[in-house]
Amino acid sequence: RDRFAFLTRVRRTPPTLQNTMSGVKSLAKDTAIYGVSSILGRFLNWCLVPLYTIMFPAAEYGVVTYLYSIVALALVVLIYGMETGFFRFANHERYSDPMEVYSTSLISLGVTSSVFIIAVLLFLSPISESLECAGHESYVALMAATVAIDAFTAIPFSLLRFKHRPMRFATLRFINIALNIGLNLLFILVCPWLWRQAPATISWFYNPDYGIGYIFLANFISSVINLVLLLPELHGFAWKFNRKLWREMLAYSFPLLILGIAGIMNQTIDKILLPDLVTDKSEAMTQLGIYGANYKIAIVMVMFIQAFRFAYEPFIFAQNKEKGESRMQSYRDAMKWFVIFAMVIFLGVTYYLDFLRYFISPRYFSGLKVVPIIMLAEFFFGVFFNLSLWYKLTDRTHWGMWFSLLGLLVTLALNVALVPRMGYMGCAWAALGCYGVMMVTSYFVGLKKYPIGYDVKRLMLYFAIAMGLYAAAIWIATDNRWIDIPLRTVMLGLYIFMVLKVERVNIKQLLPINSILRRLKPSKP
30 RDRFAFLTRV RRTPPTLQNT MSGVKSLAKD TAIYGVSSIL GRFLNWCLVP LYTIMFPAAE
90 YGVVTYLYSI VALALVVLIY GMETGFFRFA NHERYSDPME VYSTSLISLG VTSSVFIIAV
150 LLFLSPISES LECAGHESYV ALMAATVAID AFTAIPFSLL RFKHRPMRFA TLRFINIALN
210 IGLNLLFILV CPWLWRQAPA TISWFYNPDY GIGYIFLANF ISSVINLVLL LPELHGFAWK
270 FNRKLWREML AYSFPLLILG IAGIMNQTID KILLPDLVTD KSEAMTQLGI YGANYKIAIV
330 MVMFIQAFRF AYEPFIFAQN KEKGESRMQS YRDAMKWFVI FAMVIFLGVT YYLDFLRYFI
390 SPRYFSGLKV VPIIMLAEFF FGVFFNLSLW YKLTDRTHWG MWFSLLGLLV TLALNVALVP
450 RMGYMGCAWA ALGCYGVMMV TSYFVGLKKY PIGYDVKRLM LYFAIAMGLY AAAIWIATDN
510 RWIDIPLRTV MLGLYIFMVL KVERVNIKQL LPINSILRRL KPSKP
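The number in the numbering used here is simply the position in the sequence shown, starting from 1, with 29 added.
Misleading hints may appear alongside valid ones.
As the list claims (entries may be wrong) - Calculated lysine-lysine pairs in the DSS-like style (CA-CA distance at most 30 Å, straight line): (1) K398 <-> K478; (2) K421 <-> K273; (3) K478 <-> K273; (4) K365 <-> K530; (5) K192 <-> K486; (6) K486 <-> K365; (7) K486 <-> K421; (8) K269 <-> K192; (9) K477 <-> K365; (10) K365 <-> K421; (11) K477 <-> K192; (12) K477 <-> K421; (13) K273 <-> K192; (14) K421 <-> K269; (15) K365 <-> K398; (16) K486 <-> K530; (17) K478 <-> K365.
Said to hold, decoys possible - Label pairs and their in silico Cβ distance ranges: (18) E158 <-> P449: 19 to 27 Å; (19) I147 <-> I503: 20 to 28 Å; (20) L260 <-> A501: 48 to 56 Å; (21) I147 <-> R510: 30 to 38 Å; (22) P261 <-> I503: 49 to 57 Å; (23) G139 <-> K398: 42 to 50 Å.
Please keep in mind that the hints were generated in silico from the structure rather than gathered at the bench.
Even glycine gets a Cβ: it sits at the ideal position worked out from N, Cα and C.
Assemble the whole structure, with the sequences as input and the hints as a guide.
Have a look at this one:
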């Protein structure tokens, strides 16, 4: 009987480990799918940057950067933490019907988004003047409508993530991005050409003096079509508004709203403040245009973090239902592989910056020095996001609010201190300081409140090796691409090889050559 009990325990042990690995593999799979839609989508939008930088002067592109910074802040306010709130209460033990949570969230966001767009239209002139868009009220109206639509559709997209339907999620994202890019090309390239060749064919809808306004119009049209494509997610369930649930969701999400506002301000406040911190106002928009264009190169790290985030939030709340060490091991593995892949991306972008810089016009090259700093800053933010699971799982989201507010104070202080002296370089260093402080503070508080047991020494080892290889590449640079690029490629391969050795990963298992050969081998008759 004792031997049977022992064997039963042995047989039960592998499934626990198997469940842990299955969870991490599922996270990796969903991250890959979300990543394809996010990274490829951002990449395609990224490809518009050279178009903007060639067609518009830096000062005009500075206006685009400024307005989109305001839009990013408005979007966070209009969602007010309901995305994470939906995941929390859809998995809550006290609410057995996730669709009731979904319906309540939809109605809440639908009402607030409608109130927002009505308010903007009623006070359009003073708002446009305050946003440096006097005489261009249509820019503000278009972006306000776009933000309202995107805020509302955030919950249907969250439902797709909740139901583990990454393929539909990715397809809709692709359609939205393709429309946006196609319309940008139509308005900025095709229409000006037609205007010169046969103006009568497009005079009924095209005005050559509208300029950068067509960027905002393209965004609006693609968001409207995206809303139409999401109609299947807006019917087929009972529309209910549970007031008690709604109040609980607001109580849970309000700290996340403050966290989100502080977080997005940490990302955008430098672009909003720069025009006021630079003495020469005409030079300010030019600097902002250069900074915004080069920020787009560093956005590769942002794309990876966003893809990871889409898969990670449903993952952590689903894993929270599990008990024991396997759950904690899943969190540790997720952090470890995040750091590894993030460092590969950092080295890849910085090593091949000589090629990647041609995504922007040469007149913007003076700002390339911000790229490594911004990428490190975004990496620190990604680690902070990984660490944030402890206060989300324990319903102590107010801690996230305090961390973000602390980061905002650091951002404001460093921008005010550095930008007047260093220009847009001060913005980059302020971002690095902000996210570094948030990351370190969250780790030490989490160590007390909800210890996960991260292997900090190994994580620091991977980071230190990457930084060492980056410094080595700069130190041995010859300014000859035919020498530097192959050498950096070897160094990148060396980093990947060292990680695989430390993790004891069998490289042959990663390459399905043997499996392919077995399939190709003819079977015996």
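- Task: Mind listing which of the numbered hints don't hold for this structure, in increasing order?
- Result: Checked against the structure, the hints that fail are numbers 1, 5, 11, 19 and 21, while the rest are satisfied.
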